Amino acid sequence: MSLEVEPFFFGGPDQPLFGCYHPPRPVAPRRLPLLLCHPLGYEYVPSHRCFQQLATRLARGGFPVLRFDYFATGDSAGDEAEGRIARWLADIDTAIDVLLRRTRARQIGLVGLRGGATLAWIAAARRSEVTSHALWDPIVNGRDHLAELIAFQESTLLQYPKSYRRPHGERHDDIRGCEFPEDLEREYQAMDMLSVSPRSRERALLIVSAAEEAEPLRKHLESNLPGRLTFQHQPGPQIWSADPTKKMVPAEILDSIVTWHSQAAT
Amino acid sequence: MNEVLFPFPRSNHIVGVLTRPDSAAQRVDPPAVVLVNAGFVHRVGPNRIHVKLARRLAALGFPVLRFDFSGIGDSRSRRDDVPFDQQSIVEIEEALDQMSAAGLAQRFLLAGICSGATNSLRVARHDRRVVGAALINGVWKLGLDSSEIKQLHSARYYRRLAVLDPRSWIRVMTGRSNYRVILRTAARSLASRYRRHKPQPVQERSENSELSDFRAVVESGAHLLLVCSERDRSHTVLTAMAGPLAELRATDRFRSEVIRDADHTFDLCCHQREVIDLLCGWAESVADSPPVSPIANVAEAKGSQTLTLGAP
Numbered sequence: 000m001s002l003e004v005e006p007f008f009f010g011g012p013d014q015p016l017f018g019c020y021h022p023p024r025p026v027a028p029r030r031l032p033l034l035l036c037h038p039l040g041y042e043y044v045p046s047h048r049c050f051q052q053l054a055t056r057l058a059r060g061g062f063p064v065l066r067f068d069y070f071a072t073g074d075s076a077g078d079e080a081e082g083r084i085a086r087w088l089a090d091i092d093t094a095i096d097v098l099l100r101r102t103r104a105r106q107i108g109l110v111g112l113r114g115g116a117t118l119a120w121i122a123a124a125r126r127s128e129v130t131s132h133a134l135w136d137p138i139v140n141g142r143d144h145l146a147e148l149i150a151f152q153e154s155t156l157l158q159y160p161k162s163y164r165r166p167h168g169e170r171h172d173d174i175r176g177c178e179f180p181e182d183l184e185r186e187y188q189a190m191d192m193l194s195v196s197p198r199s200r201e202r203a204l205l206i207v208s209a210a211e212e213a214e215p216l217r218k219h220l221e222s223n224l225p226g227r228l229t230f231q232h233q234p235g236p237q238i239w240s241a242d243p244t245k246k247m248v249p250a251e252i253l254d255s256i257v258t259w260h261s262q263a264a265t
Numbered sequence: 000m001n002e003v004l005f006p007f008p009r010s011n012h013i014v015g016v017l018t019r020p021d022s023a024a025q026r027v028d029p030p031a032v033v034l035v036n037a038g039f040v041h042r043v044g045p046n047r048i049h050v051k052l053a054r055r056l057a058a059l060g061f062p063v064l065r066f067d068f069s070g071i072g073d074s075r076s077r078r079d080d081v082p083f084d085q086q087s088i089v090e091i092e093e094a095l096d097q098m099s100a101a102g103l104a105q106r107f108l109l110a111g112i113c114s115g116a117t118n119s120l121r122v123a124r125h126d127r128r129v130v131g132a133a134l135i136n137g138v139w140k141l142g143l144d145s146s147e148i149k150q151l152h153s154a155r156y157y158r159r160l161a162v163l164d165p166r167s168w169i170r171v172m173t174g175r176s177n178y179r180v181i182l183r184t185a186a187r188s189l190a191s192r193y194r195r196h197k198p199q200p201v202q203e204r205s206e207n208s209e210l211s212d213f214r215a216v217v218e219s220g221a222h223l224l225l226v227c228s229e230r231d232r233s234h235t236v237l238t239a240m241a242g243p244l245a246e247l248r249a250t251d252r253f254r255s256e257v258i259r260d261a262d263h264t265f266d267l268c269c270h271q272r273e274v275i276d277l278l279c280g281w282a283e284s285v286a287d288s289p290p291v292s293p294i295a296n297v298a299e300a301k302g303s304q305t306l307t308l309g310a311p
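Sequence lines, in order, name chains Z and B.
Note that numbering that gives the first Met the number 0 has the first sequence beginning at 0, numbered continuously upward.
Note that numbering that gives the first Met the number 0 has the second sequence beginning at 0, numbered continuously upward.
Worth flagging that the hints you see were computed from the coordinates, not collected in a lab.
This one's a predicted model, so the numbers in the text were calculated from it and none came from an experiment.
Check each hint, because a few of them may be wrong.
To be verified - Within a straight-line C-alpha distance of at most 20 Å, the following computed DMTMM-like cross-link-like pairs (lysine to aspartate or glutamate) qualify:
1) LYS51(B) x GLU128(Z)
2) LYS161(Z) x ASP260(B)
3) LYS51(B) x ASP172(Z)
4) LYS161(Z) x GLU273(B)
5) LYS51(B) x GLU81(Z)
One chain only, chain Z, in its complex shape:
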């Protein structure tokens, strides 16, 4: 296999997860290993190319990087209808263990986009090895996000004959081409970044496309990480909701993430 990426399956033999390890360009001293956490649901496919390029850039900057597919997503085991947030948090734990073992490191950084940033934030609360977070347009509140998803789905279904539309009050089991079981819906409703506080020694980078909407999260992070938060407002295309065939890559944001990690390493 090319040294630029090493694909592999890991985790339990019955429910393996797919991952791609990006070995670092050799630098001294070795840098913090980074786990990349993909967006959730329909946002995964349009973001894939961007995440692959982010991993490549970080590896060229000397960081060992692992990006992976949660259970029931991408190339990992599991049918879509089996996907659950509790399981995905456990998958992040598994991926952290795999990356720490592979790099023989004791600390790790998490990088997440959208729902991946949210999950990374929540998962890190129970892992003392996590010392940094790069959070790119995280989903702050699952209930609000779910309402947006449902509104979008209902708007989409208006383009179809009436037989496709749900009667008022009936839940949607398909949201933007992804199966959405009731259990998952309940988990989304309970998801809230503001209910999770970081450990004071962590550092965080928060990049948002809409500054006003991110204000509650920014304040939460600043109060819990005084002097250790870097906030960047970078308006730009929302690549996670774009036409998946377009495969946009916002170079400035990727550079910001690489630079932030590199500055912390020096």
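With the hints as your guide, set chain B onto chain Z.
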């Protein structure tokens, strides 16, 4: 689940995943299936449809490979001098070579959406190991020019889809529609209806490469399945060119199907299930078909027939 990484020794930068058939699914000498990238979408496919399809086919006894072309998904770009427009063909054929060498199959089915359909057709046209190709929402022209296709598709959109959408009517009544486009589309649609009612000499469209390729695949003995989503441009084109396709439809190796109400990438789960069911049924029918001799000429199979322009 029985999935492993699939090696490409000649192009070791290519990443592929092989779904091995379930041991419980007894199928003697099945063809292997290769799922071809749709545009720039990586090997899982739009809405993860390649993964869902691969696992369903494997449950029916088919080995299935999905992989990323160079420069797409997890595969890095090529560093040799294979011309860009040939890379997809070279890499699909390498996939077939490797699957043969691994003893997985000697016969193959290809399936792809959008550019995946085009690339599947290009390989099926020349590679006799391909016994079937499922071409989904291909970017076909079939001799029509781009402006004709655009006009036909716009007319279909306004006639069938826009009238169903309350938001379209709100836009019309609140001055937010593109009235010029609506009026132009209506005028052209009326004009084309008038031309159809006028007697006109029946003409054969100049032969085009896509139609030639369809014929060549069928004449070689392989099976061809054309799938189009009702909302997709491919449906507009195939409907408009129903005449030239009629002789192909008369053979038992050519089939075309429409997924009602579906869009280009099957953004509703029900449509994903429908197209997956269709492909699985087709794969089983091809696998169970006895090998047949190539047809010397599709027209001979039907009898000669004057080609006519189809109505939209």
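Evaluation of the provided hints:
Simply put, LYS51(B) and GLU128(Z) have alpha-carbon atoms about 36 Å apart, too far for the 20 Å limit, and the pair is violated. Of the supplied pair hints, the one linking LYS161(Z) and ASP260(B) holds, its CA atoms being roughly 12 Å apart against a limit of 20 Å. A threshold of 20 Å between alpha carbons decides the hint, and for LYS51(B) with ASP172(Z) the separation of about 17 Å falls inside it, so the pair holds. Distance restraint check for LYS161(Z) and GLU273(B): the Cα-Cα separation of roughly 19 Å lies within the 20 Å cut-off, and the hinted pair is therefore satisfied.
With a C-alpha separation of about 13 Å, the suggested pair LYS51(B) and GLU81(Z) falls inside the 20 Å cut-off, and the hint holds.
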